[in-house]
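Trainee: Start from the sequences and build out the full structure, keeping to the hints where you can.
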Amino acid sequence: MKILFLSLLIFISSCDKVEHEQKKELQISQSQLADTPVQENKKAESKVNYPKIEWESLAPKDFSADVIIEKYREQIDKLEDDSKEAIELFQKIAKEINNAPLNDEMADKAVTLDGFIAPLNQQNGLINEFLFVPYFGACIHVPPPPNNQTILVTLKPGEGIKLEDSEMPFTISGIIQTQGKKTEIGDAGYSILNASFKLYDENE
105 MKILFLSLLI FISSCDKVEH EQKKELQISQ SQLADTPVQE NKKAESKVNY PKIEWESLAP
165 KDFSADVIIE KYREQIDKLE DDSKEAIELF QKIAKEINNA PLNDEMADKA VTLDGFIAPL
225 NQQNGLINEF LFVPYFGACI HVPPPPNNQT ILVTLKPGEG IKLEDSEMPF TISGIIQTQG
285 KKTEIGDAGY SILNASFKLY DENE
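All residue numbers for the sequence shown refer to my numbering, where the first residue is 105 and numbers rise by one.
Quick caveat, the hints were computed from the structure, so don't treat them as lab data. Source: prediction; values computed, not measured. Among the hints, erroneous ones may be present.
Said to hold, decoys possible - Label pairs and their calculated CB-CB ranges:
{"hint": "1", "residue 1": "ASP166", "residue 2": "LYS286", "range": "21 to 29 angstroms"}
{"hint": "2", "residue 1": "ARG177", "residue 2": "ASN307", "range": "39 to 47 angstroms"}
{"hint": "3", "residue 1": "ASN298", "residue 2": "GLU160", "range": "20 to 28 angstroms"}
{"hint": "4", "residue 1": "GLN227", "residue 2": "LYS285", "range": "12 to 20 angstroms"}
{"hint": "5", "residue 1": "LYS260", "residue 2": "ASP305", "range": "16 to 24 angstroms"}
{"hint": "6", "residue 1": "ASP208", "residue 2": "LYS260", "range": "22 to 30 angstroms"}
Stated by the list, open to error - With a cut-off of at most 16 angstroms between alpha-carbon atoms, the simulated EDC-like pairs for lysine to aspartate or glutamate come out as follows:
{"hint": "7", "residue 1": "LYS156", "residue 2": "GLU306"}
{"hint": "8", "residue 1": "LYS260", "residue 2": "GLU233"}
{"hint": "9", "residue 1": "LYS302", "residue 2": "GLU271"}
Think of the CB as a built atom: it goes at the ideal place given N, C-alpha and C, for glycine as much as any other residue.
Mentor: Listed below in structure tokens is the structure:
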């Protein structure tokens, strides 16, 4: 079952490196901002007294995907690659990792977070609801991150992001809730209502 196990390790590794890839892609996208117009939330341009957090803060301190793997280690070693049992076990482990627990300590906290959007709803040509994720393309071009790395964001009424700017990195501020929602493109473990937004600035 070496091939199947290797695939699982690659999956876990991609989850563990989310923050690194996020920062790398944010830096790359920053170079595109100068010549790109965007519908910004003007109120969000002022200093927001919401502390900046990293994506890893959304996972419990004692959570580790490696612990989940070790729980199934004996079964993994006994199964053959591509067997029905091996595939079912892989799916079970992947589902358990995807349903990683939330960090209850984050409930009702004021936060500021950098990331990318996966649009859900729009009004008058502006995106007003989306999944906020750590890396570009999540839920659309690549598999979605675990639900504790996905936030359902609803912007303030009348505000939104232009469709042509949807690939840009953004900074979102608001009160985070530990109540998410299942959507057609991915499951969110967290949510932020009436969020403020602005373009990501690597100097802040």
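Trainee: State for each hint whether it applies.
Mentor: Now for the hints, and whether the structure bears them out:
no.: 1; hint: ASP166 to LYS286: 21 to 29 angstroms; result: 25 angstroms, holds
no.: 2; hint: ARG177 to ASN307: 39 to 47 angstroms; result: 45 angstroms, holds
no.: 3; hint: ASN298 to GLU160: 20 to 28 angstroms; result: 25 angstroms, holds
no.: 4; hint: GLN227 to LYS285: 12 to 20 angstroms; result: 18 angstroms, holds
no.: 5; hint: LYS260 to ASP305: 16 to 24 angstroms; result: 20 angstroms, holds
no.: 6; hint: ASP208 to LYS260: 22 to 30 angstroms; result: 26 angstroms, holds
no.: 7; hint: LYS156 to GLU306; result: 13 angstroms, holds
no.: 8; hint: LYS260 to GLU233; result: 10 angstroms, holds
no.: 9; hint: LYS302 to GLU271; result: 13 angstroms, holds
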